[in-house]
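If you use the numbering used here, the sequence shown corresponds to residues 251 to 432, in order.
A hint or two may mislead.
BS3-like, lysine-lysine: derived pairs with alpha carbons at most 25 Å apart [stated by the list, open to error]:
(1) 321 - 338
(2) 327 - 312
(3) 278 - 394
(4) 395 - 278
(5) 398 - 278
(6) 409 - 398
(7) 409 - 278
(8) 339 - 327
Across the chosen pairs, the derived CB separations fall in these ranges [unchecked claim]:
(9) 346 - 385: 22 to 30 Å
(10) 430 - 383: 47 to 55 Å
(11) 419 - 353: 38 to 46 Å
(12) 313 - 411: 21 to 29 Å
(13) 302 - 383: 32 to 40 Å
(14) 327 - 388: 32 to 40 Å
In case anyone wonders, no lab produced these hints; they're calculated from the structure.
Glycine included, every Cβ here is placed at the ideal spot set by N, Cα and C.
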Amino acid sequence: MLHCQIMSFPLVNCSTAGMEASGTSNMKFAMNGCLQIGTLDGANVEIREEVGEDNFFLFGAKAHEIAGLRKERAEGKFVPDPRFEEVKKFVRSGVFGPYNYDELIGSLEGNEGFGRADYFLVAKDFPSYLECQEEVDEAYRDQKKWTKMSILNTAGSSKFSSDRTIHEYAREIWNIEPVKLP
């Protein structure tokens with residue numbers, strides 16, 4: 251018999267706001283007590299509603315801001331955070347090994363990645379992410395707080411149970427009732 255298990259990592263994050271339809275992996279992580287650091291994208295919106303704002307580490311641009319931010323970037327009006335430029339320089343230095351990072355850097359600066367530099371607005375979200383990561387670090391140092399947040403993530407994620415989902419789909423979408431077995 252094959253068993254599939256989602257291990258609980260202490261923290262996971264997600265994509266640029268407005269870019270993910272709604273993956274369920276982070277719901278599974280939340281059910282296992284994993285705290286989320288992410289944007290208001292996809293399933294993160296629902297998770298944050300269910301587990302509570304105080305139990306979710308939020309960073310980044312909002313979905314309604316994305317088009318304007320891309321336009322700003324295309325017009326050359328965006329000025330990246332100096333720390334982000336420092337990170338790119340560090341990546342280029344070869345400190346992570348003798349790999350070719352041109353494609354990665356190109357997706358942030360050049361015409362790679364959907365033909366537009368930094369299509370996913372990594373540079374824009376970077377300062378907000380760093381600030382949020384400081385909140386994560388502070389919460390993690392307080393093990394009682396971290397444990398409480400983890401428990402509340404598990405308790406608040408019952409809505410994401412496959413049993414509830416199947417029952418709701420059967421009733422509201424498929425218009426079928428459970429069959430009683432003898």
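Cross-check of the supplied hints:
1. 321 - 338: Holds, because 22 Å separates the two Cα atoms, which is no more than 25 Å.
2. 327 - 312: holds (19 Å)
3. 278 - 394: holds (23 Å)
4. 395 - 278: holds (21 Å)
5. 398 - 278: holds (18 Å)
6. 409 - 398: Holds. Residue 409 to residue 398 sits at ~19 Å (cutoff 25 Å).
7. 409 - 278: holds (11 Å)
8. 339 - 327: The hint holds at about 21 Å.
9. 346 - 385: 22 to 30 Å: holds (26 Å)
10. 430 - 383: 47 to 55 Å: Given about 52 Å between the Cβ atoms, the range holds.
11. 419 - 353: 38 to 46 Å: Holds - the Cβ-Cβ distance for residue 419 and residue 353, about 40 Å, lies within 38 to 46 Å.
12. 313 - 411: 21 to 29 Å: holds (27 Å)
13. 302 - 383: 32 to 40 Å: The hint (32 to 40 Å, Cβ to Cβ) is violated, given that residue 302 and residue 383 are roughly 20 Å apart.
14. 327 - 388: 32 to 40 Å: holds (33 Å)
Hint 13 from the list above is the single one not met by this structure.
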